[in-house]
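K.L.:
Here is what each chain is made of, one letter per residue.
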Amino acid sequence: MANKPREASKPKVAIFDFTGCEGCELSQLNFEDQLLDILAQVDIVEWREAMDDRADEYDIAFVEGALSTPDCIKRIHDIRRRSKVLVALGSCAVDGGVNAIKNLHPIEEVRQIVYGEDQYLFPTLPALPLSAVVKVDHNVRGCPMTQIEFLKVFTALVMGKKPIEPDQAVCVECKLNENECVYAKGMICLGPVTRAGCNSQCTNFGQYCIGCRGLVSEPNLQGMAETLASHGLAMDEAWKRLQLYNAYRLQGVRA
Amino acid sequence: MAQHFLEQAKADDFVAHLMKRHPVLAPHRRGRRSFAFEQIVEPSAVVLDYPRTLGSVKKFFLPARETLLEFDLGTNTATAPAIAPAPAVYLGVHSYDLAAVRRLDHNFLHGNPERNYVTRREGALFIGVSYTPDRHHFAGSVGIDPYDTTGSDIFLTKHPEGWIVDVLTPAGQDLLKGFKLATDARPKPKREHFTQHIYVPQARLNEIMAASYNHPVWDEASRNCTGCGTCNLVCPTCYCFDVQDQVAITVDAGHRERTWDGCMLRSFTEVAGGEVFRHKVAARQRHRVHRKFKYLSDATGQPWCVGCGRCTAYCTAGISIVEIVNRLVRDAEREEQVTA
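Residue numbers (numbering that gives the first Met the number 0), protein chains in the order written: chain D, 0 to 254; chain S, 0 to 339.
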């Protein structure tokens, strides 16, 4: 049964990128064991990183990267108009990602630092997640995007079902895997407020969670910051750790 | 039944003997300062003197993740994976974890017996071990002594030179066949005491909990709680689960997976239509503590907490179930003094 193609009407898939490192797209190209199965289910009709073809309409558009220029805003509206389903791919597209750290500084200062005297050639905006501008149907989180989650979302969409979006802390998967708690090792970890779905892959290997999959819904951020502080971080440092991937979501949050 | 003595130097031989009979699962070191039950490969890796394991032996009867069904979308058929009783020796189990197994037995054997749990539970042999209570254990307050042999086929009591071996059941006797233990009776060492206590018995706690619904402790104790669910997932008596279908990337087959769930999780309280019926973390905290000291206790007379201290020891926010309960006790008694 494996690789049986869906000849009748394979969904047309396109993959786009905005401000980001292209790591999520690279993660897709790295699906070496599943790539043939993926291609058996869909037609990839547009993907700048991997091919030359273009198309007018898409059943599913996977979009990587944050929006950070006026041109980005125009393009994402155009992509949305031509896509039946739009999936944000990775931390930048879902939450603004590390790009949004620049939002913490005045935009003129940021342009001066990055472009110097040429700054007027490069109009720039505070970094935005896709959902700040267009309707996003589904998310694949992580930095780079979590491969196992991509496969789940992809499979659900191919079947015409709504993907299940995990909404619990990384601690859940970490406990299912019976890992020693990172805090017991004297380190700090953002697992308690970070959204699961990665099978706690960092803590499985003894690393701490830096929060790349964004926040659970209704996170207790003050509580998390105080827990970090009670484990030895200065309060300012605690909030900075939380901001690494969540600067956009945290705008105006800190008391 | 009979009492023997196992010298420390012979402990590895004893484990090796058990391994000849059955697979043996026992505490091993995990990470820098934690312990976990694993199947023994090397007898010397077993740690019998440990404070607590990350998870309890629950995981062998109710696995954290378990396939309930495998389905084929092409033929539209499903098969349940075969589960057979797999006799095994659980070595080095603390009395509170055995008490937790009895509570799970109650949950899964009463009403409609849960086939997977019941089958896995069949043929389990337990070798209990005494422990020294640390700053989080409070099993004494829920009536479970560190030397309680209930549920054990063999019980090992720590002694400066090794282990006093109590053989408690014919199955335990049978396990020892072919292994020579010293038969000299040694006096049991001085009992170790708990430093953590809940100060009232369960019957009284039921009354106190009944009047605690609007107590400020729920909000106060939950101030730093992120609702991460750790307290549920490390609890040896929590048994809630979620079931999801996972479809293979080939979209022609898949499996139905059961995973541990917990009442502290927002997703647990979300029902069809997106309604979340326990929005505040404080309300979930209240529910959790009621599950341990009120709801199931009302039905059975026993607390559903076994005093292992895991939920408190592993809470990154430092929330203590003993402190919550004692605060309720203190306030209830103060109020009674005022009204008396």
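Don't read these hints as lab results, they were simulated from the structure. The model shown is predicted, which means the values in this text are computed figures rather than measured ones. Beta carbons are placed, not taken as given, at the ideal position from N, Cα and C, and that holds for glycine. Treat the hints loosely; a few may be bogus.
Lysine to aspartate or glutamate pairs mimicking DMTMM-like chemistry, simulated, CA-CA at most 20 Å apart [stated by the list, open to error]:
#1 D/K160 x S/D71
#2 S/K9 x S/E41
#3 S/K176 x S/D12
#4 D/K73 x D/D166
#5 D/K160 x S/D244
#6 D/K160 x S/E256
#7 S/K58 x D/D16
To give an idea of the interface, some chain S residues facing chain D are shown, with a C-beta separation under 7 Å as derived from the structure [said to hold, decoys possible]:
#8 H27
#9 R28
#10 R31
#11 V117
#12 T131
#13 N223
#14 T225
#15 G228
#16 I248
Listed next, the stretches of chain S that the computed footprint assigns to chain D, with coverage defined by at least 3 CB atoms under 8 Å from CB atoms of chain D [stated by the list, open to error]:
#17 263-272
#18 311-317
K.L.:
Indicate, hint by hint, whether the structure satisfies it.
P.N.:
Here is what the structure says about each hint:
no. : hint            : verdict
1   : D/K160 x S/D71  : holds, 17 Å
2   : S/K9 x S/E41    : holds, 14 Å
3   : S/K176 x S/D12  : holds, 14 Å
4   : D/K73 x D/D166  : violated, 31 Å
5   : D/K160 x S/D244 : holds, 12 Å
6   : D/K160 x S/E256 : holds, 18 Å
7   : S/K58 x D/D16   : violated, 43 Å
8   : H27             : violated, 11 Å
9   : R28             : violated, 10 Å
10  : R31             : holds, 5 Å
11  : V117            : violated, 22 Å
12  : T131            : violated, 19 Å
13  : N223            : holds, 4 Å
14  : T225            : holds, 4 Å
15  : G228            : holds, 5 Å
16  : I248            : holds, 5 Å
17  : 263-272         : holds (count 4)
18  : 311-317         : holds (count 4)
The structure is inconsistent with the numbered hints 4, 7, 8, 9, 11 and 12, although it conforms to all the rest.
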